[in-house]
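Mind assembling these two chains? They're in different frames, but the hints should get you there.
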Amino acid sequence: MIRAVLIAWLAAGAAHAQEAPLVADVSENLVAITTGFTGKEVLLFGATDGPGDIAIVVKGPARDITVRKKGRVGPLWVNRDEVTFRDVPSFYRIASSRPLEEFAPPNLLSRFQIGTGNIRLEPAGETELAPEALAEYRTALVRLKTGQRLYDEGLGAVNTTSNRLFRTRILFPSNVPTGTYFVEVYLFRNGTVAAAEIVPFNISKIGFGAEVYDFAHNFAAIYGLLAIALAVGAGWAASAAFRRT
Amino acid sequence: MQIYLPIAEISVNVFLILGMGGAVGLLSGMFGVGGGFLITPMLVFLGVPPPVAVGTGANEIVATSVSSVITQLRRGNVDLRMGTVLTVGGFIGSAVGVWLFSLLKAVGQIDLVIGLCYVIFLSIIGGLMGWESMPGEIRRRLGAAPPTAQTRGPGRHTWIHGLPFKMRFHKSKLYISAIMPLALGFVVGILAAIMGVGGGFIMVPAMIYILGMPTQVAIGTSLFQIIFVTATTTFLQATVNQTVDVVLAILLLIGGVVGAQLGTRIAAKMQSERLRLLLALLVLGMAVQLAADLVIRPAELFSFTGAAK
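Residue numbers (numbering that gives the first Met the number 0), protein chains in the order written: chain R, 0 to 244; chain X, 0 to 308.
Isolated chain X (complex conformation) (with noise of 0.2 Å):
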């Protein structure tokens, strides 16, 4: 069954969407990723225009995080005044990235700047998973320590500490500078725009190991600081370069929704690091790919983009 998508401005089959939609839920609800660095590559691929990828990918994030991040607060897993500094910005950092989106997509290398992205950030993404999840045996013959407390959790003193504007995080534990929060908000917020990514495979780990917040609640808090983030980037998007198509995002919620609870269940019978590391090898693969895309000589030099008058 074939459905035109009124601003992608194509036909695609629905199952085939709302398939992927599935198939990304349940990976986020195997994994406890966003999968909006999957989706927005998908789309991509199925000749969806990148900018509307990038657009109705946070617009299809936004449910999900909001989806989860309710079981987060009922948990009492969500820091809200450490999101609402993260919020702050989120929002400075979307304005941002959405003004340099359009800038880059009339000066042509809006599809390098997205490609680079990726790269960059799913090789850490997948070299940090792979990392975490490779069992402690070959770690330690690779001759690393494990985490301690050296490593994570509050109590660490370093030079974070000796910033101005020091603001008490009750349930994060923490007694810091607003500043970098602010400035990690404000970097995920320029991707997210960027990419059509929620930020939250950046944004968990710099919680725990650059913040020191205990990892359940980083987990929380970085789902409801999301939620505020993909919503100004859908917003801007859809206000600036009226690039949001509805009927795609309502096509991959719906698979996204039903997908994500399968997911869930799936994990809870399976061993949780023997699954992130084969999501690990699937992110990486997919970085060499893109990388690779970069660097060798393309096929077809030329391109065009053509503008109504």
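Chain R extracted, bound-state conformation (with noise of 0.2 Å):
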């Protein structure tokens, strides 16, 4: 949906103008998650066709979430209510050239979904849930992110020069989720968004640890017989070598 709204708004940029008001890209196409991996700074560069102010939103692959609330059973605190938000980005950054409020409006923050209050978590299904006690669920999801590293409520910074070029760095942290990313850039102009681009790149498990992983999940039979002989090959040895001592 957001999509097609930002196609709709490139569109009608390109009919005004008869350049591109907006280009970015990453420095890199492919994150790789190797054996070593400890998270990943990328740089996301470009450059406008003149002053404005830029905007920009990282968004992880779409997830569906359950977040569940603990209640007291007895003695005990058990998780007791939840709810299941839809299409859920599994991270989210944005970094922009001045504070939001100084020169996006509200509203406009609100259908990009700019800022993590603005994130869209919308209920699978009927929810029996009050409109207050599902905004708890939302500020918890977003709280319980951000202390993952996975959300940052803050604002990251855009450097820009000469009103023409602007870059900024995304810091991956080493939990961060595999799969394809977007990032968002809006520049804004008197108030509105005067060109949008979207930078698609990809973060995936490389190597060693890919391959362990997509065995483990496609040969999940044979992988678990090699990990009991593993063991049992650990603990025989082992023996034997304690024996020799």
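Derived by calculation from the structure, the hints in this document are not laboratory data.
Even for Gly, the Cβ is constructed at its ideal location relative to N, Cα and C.
Heads up, some of the hints might be wrong.
[Stated by the list, open to error] Straight-line Cα separation of at most 27 Å, DSSO-like style, residue types lysine-lysine; simulated pairs: (1) R/39 - R/204; (2) X/104 - R/204; (3) X/104 - R/69; (4) R/68 - X/104.
[Unchecked claim] Quick list of the computed label-pair ranges, beta carbon to beta carbon: (5) R/127 - X/163: 51 to 57 Å; (6) X/300 - R/210: 37 to 43 Å; (7) R/125 - X/79: 56 to 62 Å; (8) R/73 - X/0: 43 to 49 Å; (9) R/127 - X/91: 35 to 41 Å; (10) X/119 - R/85: 35 to 41 Å; (11) R/134 - X/14: 40 to 46 Å; (12) R/134 - X/261: 51 to 57 Å; (13) R/207 - X/131: 42 to 48 Å; (14) R/142 - X/131: 44 to 50 Å; (15) R/225 - X/288: 34 to 40 Å; (16) R/26 - X/300: 38 to 44 Å; (17) X/91 - R/80: 31 to 37 Å; (18) R/225 - X/91: 21 to 27 Å.
What follows is the structure in structure tokens.
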């Protein structure tokens, strides 16, 4: 849905100007999670056809997420109520050239889901919860994701040069989910979105780790047997070594 | 040095995991416990998802049990017939346990069940060990009888001996119904699957006090059947839930094997009663901590789980 809106914006923008008013790209189209992966910084850069403000939204692959709330049952605190939100970005970051409220009206921030408070979290199916209770689940999800460094409520800085060039760094922590990411770049002028651009890129496991993961999922039975064989072999080797000493 | 765990999907410090495996191996070597009940909570504390901690913990115990059982076999302390009956019960128990595990995971109560299991069984093992390792003098003053032939050893006749399907177990010096060891294996199999433990700490006392087996044979036979139960658990967790991380298991193994060797050497030089009392206090402390987590209002009431599409 959001992409359809963006395409419409782009089409409208293209009609006004011959040249693309906004171009952007990332330093790496594939972030590889190798065995030594401890996180990665990706450079996003681009150019505009004149002055304006830049807002950037980075979204990880969408997931259905179930949020549970603990309640008291007898003396114990157990999970009692739950809400499943549909198509929640697994990762979320924003950055801009100036504080958002200085150049972007709230309705546009909401429409383009700029800011953790504007992420659209729709419950899957019917829910019996009151809107206030649902809001509590939404803020809890953002809080938990922020705690895991998968969301960041803070605003990253976009550096601009001569009103033409811009760049920013996006830091992905080591627990980053794998899949296709989208960087949405918005050019704001006079309180409206003058141009927008989407840059996709991939984060995926590469090499040994990826092979282990794929093997564990595609050949689960063989993987299980190998894990056991490995343990038996190690145990036998240990006892053999122990006997000699 | 960091290493990315492909199934747990986090990156951990290699030396921390090696050290953890080593510490648990050390305790295992010193006190003769499997250590699964320590490794799973420690992994969860590090940020490993609980299902992965359980599956990988089971995989690690396969290795430690194999290494111990070879030594026990050499000493003639393994009752293979008893072990086989227990293992059959254990297979059924593991299958039920893994099924129960994925059911509870879907309902969202797996953390509660794992937590409760830990509190109950850590209290039992801690209490039993503490009691057993307390100096005899204190125990007598507390008014308890020392363990005698009445409470253990062959020759005791109870309702257990009235059950059908009797079998003769030579090494254990027993002629009892196969139903008891089958049921015991079944219960331990379920626990192994849910908690990622071998279950030796329940199995050994049950074999001595309920079945009436000699202590040395109980320990050897328990280790023997734990291999099969944890191997089954590993296989089922790998196929049903895909929660066995071999990279993590290998790191734990290396530390565990070295630690166990050191542990047995240290234990040989120390007073064993005092050692067991220390472990009992450690285990009871963990039980109290986990119980407090369940009873005290948590700082964060919310949690989430996400499914890839």
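Can you confirm whether the C-alpha distance between residue 39 of chain R and residue 204 of chain R stays at or below 27 Å?
holds (13 Å)
Is 43 to 49 Å respected by the C-beta to C-beta distance linking residue 73 of chain R and residue 0 of chain X?
holds (46 Å)
Outcome for the supplied range 51 to 57 Å, where the beta carbon pair is residue 134 of chain R and residue 261 of chain X
Given a distance of about 55 Å, which is inside 51 to 57 Å, the answer is holds.
Cβ distance range 51 to 57 Å for residue 127 of chain R and residue 163 of chain X, holds or violated:
At 53 Å between Cβs, range holds.
Whether the CB-CB distance between residue 207 of chain R and residue 131 of chain X falls inside 42 to 48 Å:
Check passed, 46 Å falls within 42 to 48 Å.
Residue 225 of chain R versus residue 288 of chain X beta-carbon gap, inside 34 to 40 Å or not
Taking Cβ atoms as reference, residue 225 of chain R and residue 288 of chain X lie about 36 Å apart, which means the hint holds.
Given the hinted pair residue 104 of chain X and residue 69 of chain R, is their Cα-Cα distance within 27 Å?
holds (15 Å)
Given a hint of 37 to 43 Å, does the C-beta separation of residue 300 of chain X and residue 210 of chain R actually sit inside it?
Since residue 300 of chain X and residue 210 of chain R have Cβ atoms about 40 Å apart, the given range 37 to 43 Å holds.
Checking one constraint from the list: CA of residue 104 of chain X to CA of residue 204 of chain R, max 27 Å. Satisfied?
Holds, because 26 Å separates the two Cα atoms, which is no more than 27 Å.
State, for the Cβ atoms of residue 125 of chain R and residue 79 of chain X, whether the hinted interval 56 to 62 Å holds or is violated.
At roughly 58 Å between Cβ atoms, residue 79 of chain X and residue 125 of chain R fall inside 56 to 62 Å, so the hint holds.
Do the beta carbons of residue 225 of chain R and residue 91 of chain X sit within 21 to 27 Å of each other?
holds (24 Å)
Does the beta carbon distance between residue 91 of chain X and residue 80 of chain R stay inside 31 to 37 Å, or does it fall outside?
Cβ of residue 91 of chain X to Cβ of residue 80 of chain R: about 35 Å, so the range 31 to 37 Å holds.
Hint check: no violations occur; every hint is consistent with the structure.
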